[in-house]
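Q: Work out the full structure: start from the sequences and follow the hints.
Below, each chain spelled out in residue letters.
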Amino acid sequence: MSSQGARRRRIELTIVFITIFVIAILIYFEIHLTRKENILPISNEILIFGLININVILILLLIFLIVRNVVKLVFERRRGILGSKLRTKLVAAFVGLSLIPTAILFFVAINFFLFSIENWFNIAIGDALNKTVEVAQVYYQQTINNAKYYAKQISADITKNRLYDLERDEYLKTLIDQRQNNYKLGLLEVSFNNQNRKLFAKDPDNPKIVPMSLTPKMQEDVLTGQEISAVLSTESGDVISGMAPVYSYMSPAEVIGIVIVSYYIPKSMVDNLGIISKTSEHYRQFTLLKNPMKFSYIITMFTVTLLVIFSATWFGLVVAKGITVPIHDLAEATDRVARGELDHQINIVANDEIGVLVASFNKMTKDLKRSKEGLEQANINLEQRRKYMETVLGNVSAGVVAIDNNDIITIINKAAEMMLDIKTEKVLHRKYQEVLIPEHMAVVDELYQEMKEGGKNFIEKQMELMLQGRVLTILMTITLIQDDDGHYMGLVVVFEDLTQIRKAERSAAWREVARRMAHEIKNPLTPVQLSAQRLQKKYGDSLGDDGAVFHECTKTIIDQVEVLKNLVNAFSRYARLPVTNPVLGDLNEVISESVVLFLDAHKEISFDVQKELEIPKLNLDSEQIKRVMINLLDNAVAAVNKENGHIMIRTSYDKVHKKAKVEVADDGYGVPYSYKAKMFEPYFSTKRSGTGLGLAIVSSIISDHHGHVSVRDNSPTGTIVAFELPVPEGTDAG
Amino acid sequence: MCYLFLVFPLSSYGRKASITDIVVTDSADHTTVYARLANCFTKRMDSAILAGVPITFTFFIDLYQERSQWFDEKVSSVVVKQTIKYDNLKKLFYVSLMDGRTESEFQDFDGAKKAMAELNGIALVPLKDLHKDTLYYVMIKAKLDSRQLPMYMEYILFIVSLWDFETDWHRQNLVL
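Protein sequence lines correspond, in order, to chains A and B.
The numbering of the first sequence is my numbering, which starts it at 1 and goes up by one.
The numbering of the second sequence is my numbering, which starts it at 1 and goes up by one.
The hints are simulated quantities; they were obtained by calculation from the structure and are not laboratory data.
Incorrect hints may appear among the rest.
Said to hold, decoys possible - Chain A is faced by these chain B residues, among others (derived, beta-carbon under 8 Å):
#1 ALA48
#2 ALA51
#3 LYS90
#4 LYS91
Keep in mind the model is a prediction, meaning the values are calculated, not measured.
Positions of the beta carbon are idealized from the N, C-alpha and C atoms, including for glycine.
A: What follows is the structure, given as C-alpha cells:
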C-alpha cells in the first residue's frame, strides 16, 4: 500500500511540475507576443502575467486535486472501503462549516463593494468634478479669448494708425509698451514681412516667458485672416497665445502682419489645473469602468470564496485522511491479527492520541503473540502429557475407563477395549447406562450402592462377568474423582483381568487334587478289588443260598471299584496332560478326522460340517485338538435329542485379527446363564455320568494353544461352544 | 476563470475593422504606403478617449517578395504606432502620428479621429533595394492596443478587451 501511495504521489508531483513548466512557456510566449505593443516596463509585464497565471494554476490545481479526491472518496464510499464514511462525514462537516460563513461573507462583501462603488460614482461628486474642470476650462478659454481679443484690438489700432510703416516705428513701439502695460499682457509681439520685422513687449514680472514660435500651419491660418490661439507648455508654465492678422490700411483684405498676445500661467497654477484635469479624467475613466469593476469584484470575491471552500474541502480531506488512514490501518491490522498474523505491527509515527492508540495496539499485539506462544507451548506440553498418559494407559495391562460427572464415558484404554471386547468409537462419549447390558448395569448399581453405603471414595471387588460368551474374572476398582472443593467430577474404573490367573490357579489346584486323588484313592482300590475277588473265589461257593447274596455284593464291590478306578484314571489323565507340541497343521483336516468318529456312532443325529477353506495352516497339536473336538462333540451329542438332533460344526477365519475359529453348535436344551461361568472349571458337569473334566481339558488345551474358549446360546435353542486359535504371521491362506 | 479571457483576449467587437484605400507607390527614393483604417472607432472607444484614455493604433506593414518554389521572402517590415490623447482641460486632441514623428493637436474630435485612421506616406524600403521584373506585395494589418487604462485595469477587466480589434491581413501588390 505504501509503495503504491508513494508512486501516486510521485505522479502527482510530476503533473504539477509539468503544469508549471507549461505555464512558464506560456508566460514567455505571452510576453514575447505582446512586447512590441507594450507600454509598461517588462518587469511589470512579468509580474502581472506571473500573478495571473499562478492564480490560474493554483485554482486549476486545487480544482483538480479536490475533484480527484472527492471522486475517489465517492468511489471508496460506494465500494464500502473502511474509513470512507468517516472521511465523507468529516469533509462534509468542513465544507458545511466553511460554506455557510463564506457564503454569507461573500454576499455581504459583494453588497458592500457594490454599494461603495455606487457611492464613488454618485452624482454629487461627478458634478463637482465636472464643474471644477469647467471652471478650469473657462479659465483657459477666457484667457484664450482675452488674448485673441486684445490681439485683434491692437491689430486694429495698428491698421487704423498705419503704424506698420517704418517711419512710425517709434509710435508702434510706444503702442506696444502701453498696451502691454495697460492690459497686463505677459508678452505682446507684432511681426511683419513674414517675421522679418518683429517688435515685442514683455511683462517685467515674467521675464522667463518666451515668444511663440509659429508653426507653418499657424502662419498659414493667420495669413488667411483667421484669428487663432495656441497653448505652449513649458517647464515654467503654460503660455496661452491669441493671434490676429494685421491688415493694410490701404488694402484692408491684405494681411501684412501678425499680432500675438500671450498670457503666462505659472507652473503652480498649471499643476493645480492639471491635478483637477487628471482627477476628472480618472473619475470619468472609472465611470466608464464602473460596471466592469463591479463584475470584476464579484468575480474576484467569487474566486476567493471558491478558494476558501476548496481549501476547506482540501483541508477536510487532509484531516480526514490523517484520521482515517491510521484507523484504516488499525482496522486492517486488527483483521490480520484476528486471522492470526500476530507479527503484524503498524508503522505510524504520530505524537497525538492516534500515536498512543497505535503504540497500545502494537503492544497488545506483542502481548497477544507472547500469550499465544505461551498457550501453544502449554498446549504442546498438555498434548505431550496427554499422549504420555495415553501411552501409559495404552500400555498398562489393566483396563481403565473414565466417566465424567454426567455419566459420559470419556476415556477407554486399549487394555479395557480388548478386555471387554468393545469398540471404543461406539461407546466413547456416550452415557454408560446406554452402553451396558442389564446384567452389567445391575452389577454397577450394586457396586455403586455398596460404595455409597460404605461412604468410601473407592471400592475394589473381584467378580466374574460374562462377556461375548466368555467368562472374565476381573478385579474391578472404582474410584470417585473429586476436585479440590470436593465436587464430584466422575469415576475411574480400573479392571484387572484375572481370568487366566484364576484359570491357571484352578487348573493347578484341580490337577493337584486329581493327582492326590489318583494317588490316595487308586492305591487302596486294587487291594479292595483283589480282596473282593478273593472273597468271592474263596467263600462264594461255600455259602450256599447266601452265596448268591455274597456273590452279588462282591461283584458290586468289584464293579464299583472298577468305576472308581476309571474315575481315578480320568483324574490321573487330567493331572498328567501331556505337554502341547504344536506344529503347522491343517485345522479343517483335524476337525474332519474328529467328526468322522461320531458320524458312524451316532447315525440318528445329523452332523453338518461347514469348513472355511481359506484358513491358513496354523500351529496346533493335532492329537490335543482332536481331544478338544471329541470332548465338545461328546457334550453336544449328550445335549441333543437322540432321534432328530442336529449338530453344526463350523470353521471360519478372521483375516483382520488373524484368528481361526471353530464352533460346535447343538440344538439341545442349552446351558443356564449361571452355569456358563463355571462350565470350564473341573468337576462341573450336568451329566449324571460326567466327570466334569471334559471342558476343563478343552479350556486347558486351547489355553496352551494361546487361544480361548467361549460359550453362548444358540438360536433358537441349544449352545454354541467355540474356540479360537491364533494364526501365525506370514502363513498364506489355503 | 475570467483570467483566461485576459490571457487570450477577444479580438473584435461589433463592426469589423478593416483597412481600405491601400496605395503603394514610389516617392523620390522610397516605396511608400498610404492606407485608411475603417470602422476602427466604437462608441465605447469614443467615450474612453473623451475620458482621457490614450488609444494607440499599431500598423504592421510587411513587404514580401513572391517566390514560386519556396516561401515568400520578407523584404521589409515596419511597425507604426499612432496615438490619440485628449486634454480635457484645454479641450484639445493630441494625435501622435508615425511613431511620434508628427504631433498634431486638434480642437475637433472628428479631425483627430480621421488623422488617427490614416497612414500617410510610410516609407517601406529604398527603391534601390528592389528588383525589376520581380513581384512584390505589401501585407498590412492594424491592431488596437488597449492596455493603457489606469491602475492596470486592462489586466483585470476582461470586458475592456472587448474594445480590442485586430484587422485581417490585407494584401496589395506592388508593381515596379
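Q: For which of the previously enumerated hints does the structure constitute a violation, in increasing order of number?
A: Result: no hint breaks.
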